[in-house]
Amino acid sequence: MRRRDHIVWLAGGLIAVAATRLFQDAYSISVVNLVFIACLFAASFRFVMLIGEMSFASAAFVGVGAYGAGVATTLLHWPFALAMLVGPVVATLVSIGFGLIVLRIKGPYFMLIGFAFAEAVQIAAAQIQVIGGPSGMVGIFAPRILDAWMQSFVAAVVVTALYLLYRLEWSDFGRLLGAIQNNDNVARTVGVNVLGAKVTCFAVASFMAGLAGSLTAFVNNVIAPSDFGFMLANFALVYVKVGGERSLFGAVAGATVMVLLSSYSIVLGASNELFYGAAIVVTILLMPQGLAGLVEKIRLRLMAPKAVRREA
Amino acid sequence: MGGATSSLLRTSGLTKRFGGLTAVSDLSFDLRSGEILGLIGPNGAGKSTVFNLISGFTKPTAGRLELFGRDCTGSSALTISRMGLVRTFQHGSYMKAMTVRDNILIGTLQRLRGPARRKCVAETAEMLGLTSCLDRIAGSQPHGIQRLVSIAIALAARPRVLCLDEPLTGLNQTEVGGVLGVFQRIRNEFGTTILLVEHNTKAVMAVCDRIVVLHHGQQLAEGPPLEITSNADVIAAYLGPRHDR
Amino acid sequence: MSRQMMAKPLLGAAALMVGGLLIGGAGPADTIRLGLSLPLSGGGAIWGKGTAWMCDKAAAQINKAGGVNVQGKVYKVACVAYDNKYTAAGGASVAHTLLDRDGIKYVLAMGTAPILATQSLTERQGDLLFNLSWGKATKGPKFPLTFDVFNSPAEIGPAIIKFIAKTYSSAKTVVMLNVDDATGRETEAIMRPMWKKAGYRVLASMFYERGTTEFQPTALRLASYKADIIDLPTLPPPDAGKVLKDLQTLGVKGVKILDDGTSASAVEATSGRSALDGVYMGAAIPIDGPSFDARQRAISKEAKAAFGDPVNLVNISGYDAMQELVAGIEKAQSLNPHAIAKALPTVHFKSFYGDVGFGGAAAYGVNIQPLLPVYVTQVVNGKLVDRAKVAVSGK
Amino acid sequence: MMSATFVQLVIISLEIGSVYVLFSLGLTLIFGIMKVVNFAHGQFFAVSAILVTILVPFLAAHGLPVLPAYFLATATTVAVTVMIGWGVYQFGLVRFLRDMEGAFILTLGLAMLSDGLMLSIFGGAPRPEPVIVPGTVRIFAVAVLAQHVVVFGAAVCITGALYWSMTATRLGKALRAIASDHEAAMLQGIPYRRLSRDGFLIATALAAIAGALMAPISEVTPAVGNDYLMNGFMAVVVGGLGSVPGAILGAMFIAVIEAVGGYYVGPSAATMAIFVMVIVVLLIRPRGLLGRA
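Protein chains in written order, with my numbering: chain A, 1 to 312; chain B, 1001 to 1245; chain C, 2001 to 2395; chain D, 3001 to 3293.
Treat the hints as calculated values from the structure; they're not laboratory data. C-beta: ideal position from N, C-alpha, C; glycine also. Watch out, some of these pointers could steer you wrong.
[Said to hold, decoys possible] If we take Cβ atoms under 8 Å as the criterion, some of the chain A residues that face chain B in the derived model are:
hint, residue
1, H6
2, I7
3, G13
4, L14
5, A18
6, I145
7, G178
8, N182
9, N185
10, R188
11, T189
[Said to hold, decoys possible] With the C-beta cut set under 8 Å, the calculated list includes, among others, these residues of chain C facing chain A:
hint, residue
12, A2092
13, D2100
14, G2140
15, P2141
16, A2182
17, D2228
18, D2288
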């Protein structure tokens, strides 16, 4: 990253966090929170896509994050900061173990084993009565002092996490991940521990997924196993694809648009699923490169000299 | 280690069977420090399998592999590459979607930290004449450049042994000449030992110090180019009646 | 990949976000709206759609009769139904939309997980919650603004067990099967002790995952206990249908009970007629029986045409919640949820079943339960037959 | 007693397995040819099952005996479903051949869209199922629903026919060539696009036939396809994506766990065991039991 990037991030982040102060009514706040959390989850999902894999297991890691917050707050009465972090840390540890085993598998097998993992974790969570079984946990509140600042807190956490992910992506480690996606054998032949790099990538993404889970728990105050089924990861993939997977900002834009769309489509009552499904289909057909691809196209169109435009 | 005649890589009785098919059978050869050794043979002779065996991508059915004086039979690709043996692949040993610069950078990751990586990338690119296209996407470059990028990645790891799998395929006469020059400079400037698998017999004859000929998974002959060209078995099996082409 | 073009998508996203928040908002000032948080997609959609339809039915009747009079001002009533997807997260979204965006102060929520999410808002923000869940966890003195709208296992269980004890005096053993979700777990936690208390031996109590498609191994296991009574409290109709069909194939005799079974026709669709014959239901409405009149039958017929199911215990809650709310408002002469909550335990309202008051202190510690009759029905040749009508005691 | 239970469990396993085989064949075919995972496979199944429950009573009301009515209904349903499949392929999937992410999202969107559509068109109530082959059959003194026997027989026939056509017909051979190496197949002049369309339509037809066969024994609601999808995924993944024998093996694997686990440990634990066992199998054989590297 160049110096300029850091400055843009700092400025953009501050603006984004400050902008959350514009929203003061409870409904807007709830939507803003959902948007930011979805951005983080989408970015986490996309981070694994850097090595060319789709991790539907990440839905389970969001769940682990949420339950970490729930258990730490309501059962153990740990301080807030600890409760925020325990879920992500556990998610990271679990993902390292899981990753060391399953990241040897690639493509559709990895994807479908992720489905199985998410389902298994969801069922397992519902069996444990201490954490509320299938009913889940209630009363997961952030300290009162955050009441008026929750949306800004969520924004700050998410923006910081996104910044870290962005830095990592544009570091040599990020380039290595790209190389693994392109041609993992080359990386292996020059002495790079490919499995190690993949597991590291997976662990980072799972930490972020866990963080998204912690935030979800504190924002919704109530969590249940059914919130963390594989559909959650399906939606993360939708966010990334709708926004455009080539850039982190694509994932952010996709998450923002789709969460707003789904918040809006609630008013359609029974037709909301139909509407949301149609939105996904139309978007992927009309914009295979996502919103970012569309923006890029428009930019090229505007910047291109007339001759090129005629050709196109 | 590393006297002029010491052996960096030694295979003894190396054998690989896939089910009923014997791809490599009882192969024993030495790779001596500082030389360029050619491994030739007709299609299906088992060259690629040999490459996979010595780079740890496949495990031998029988036999022994010794690298830098240590027994490496059955070691993983990662272990072997970390010991200093780096290989390329026949079909695209580079990352299409990344810039040439980032491609070469991957080769430095394991060995170097911090600014040293950038320096190494620049040096390697300079040596292979890639400086002018460092910021281009590798996949968009001409075929000859792509071949050089593959070699550059491997070279950026500064291996003691560099194994190149058909690096000249698809290059024109001029490009072949350039790349052969690069091999010699690599050997001379970095002291890298090179194992070369090639179809292009003429090029192999021109650049290699010694040649091993494979035929149906078996070692047919071994020796300096002149000796090989006059070996009757080789002529019969591989070079054909017109060995002067 | 260009790193400089980050500003544009960010700006675009921000614009969209602001735009999105401006959409929607409050309804007309002279309308009292009851928010409905229901499953309107997926497997539970049939319940949600039916409940929304019944709420609209009640609203239409109330409006036709002149609306609600509060301190001389006349209000119309309306229902606003959103899809909670039967999840906590979906419930939280819907609750925020109903309460915070639409400014609605009265909500009916279905499903334990969505109710938990809704309740954490309603109780904090001072809104009224009508609770449509089978369990007890979300009802009681801890939740002063939460009211029940229908008979849950706490009411149905005793009626059924009493009836079974009287009818099958030699039956001594029970096996139970429930769906492994909040509904199933909570219901099981209520029903199992009830059987024990009544002197029955519960040989086994099993759970299965929602979405299970094959029930033969489960049926085989149920059969292996050779219990006198097979209790299937929370099985959704298609699952109940499959289990009954498989039990029939295995030749299992035993008394079969669907405590929360709401619709004979929905179960029969999957089980076939003969497998359902003789099965008892605790939550089905014998609409053609003597307890109901032509007006109620007409509504049921209309409902069946509208969404495929006749009226049942669950979807009637949409109707009753609206009636409860209106009765509470009229009694309190106020739109304030606290005032309504104070008035509700003392009101009588025009339930679908007729005029009823509140009770339930014995089960919940507070009088939040409308004292609706429990109908124990038996399916005979595809028809629901009244076997017992039990008035829930009003203590 | 022990052996009676054993026979019972074997029969149940075969019954359940045949259901999963019918569902998985299409999934594995689509993966083999297009290298995509079809999330909307269950919706084709559901549409077909629903249409059968509508058509059979309709035809019966017009005087047709139940068996001819069922066959006519099934034929119509398969035709309609394949037409829908053609539309999905031609206007959507064709752009996402070998693009797993794109195709996955498209089919996910389609699944949601069609769930919503089916719910508003047909309602959410379970549809009354036609009784095609009534009664039970005794096999080794174990009572089995006759309809289950029909499904099992049909599964065997369909699988056999598919296996035969994949190995003996020109289309089948071309499809297999594509599945193993589509570039080489294209170099040999095999029209990849046209054949992948044909493969997709065959898979759609398989889903439709499965739906029609299952209508009399499964529940029939718009959501039914989603319930089968997960076990279908697990079956093809365990067997090896793209492999027809693998789908059979995988389906039987899942069925045995479900039957034996469901009987001895309980249904909830059996569901959990399926996922755990799938993970374990993939760890030992990363490309499934019969998958190729």
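Hint check:
{"no.": "1", "hint": "H6", "verdict": "18 Å, violated"}
{"no.": "2", "hint": "I7", "verdict": "22 Å, violated"}
{"no.": "3", "hint": "G13", "verdict": "27 Å, violated"}
{"no.": "4", "hint": "L14", "verdict": "30 Å, violated"}
{"no.": "5", "hint": "A18", "verdict": "35 Å, violated"}
{"no.": "6", "hint": "I145", "verdict": "42 Å, violated"}
{"no.": "7", "hint": "G178", "verdict": "6 Å, holds"}
{"no.": "8", "hint": "N182", "verdict": "4 Å, holds"}
{"no.": "9", "hint": "N185", "verdict": "6 Å, holds"}
{"no.": "10", "hint": "R188", "verdict": "5 Å, holds"}
{"no.": "11", "hint": "T189", "verdict": "5 Å, holds"}
{"no.": "12", "hint": "A2092", "verdict": "4 Å, holds"}
{"no.": "13", "hint": "D2100", "verdict": "3 Å, holds"}
{"no.": "14", "hint": "G2140", "verdict": "14 Å, violated"}
{"no.": "15", "hint": "P2141", "verdict": "16 Å, violated"}
{"no.": "16", "hint": "A2182", "verdict": "4 Å, holds"}
{"no.": "17", "hint": "D2228", "verdict": "29 Å, violated"}
{"no.": "18", "hint": "D2288", "verdict": "29 Å, violated"}
Comparing the model with each earlier hint shows violations of hints 1, 2, 3, 4, 5, 6, 14, 15, 17, 18; every other hint is respected.
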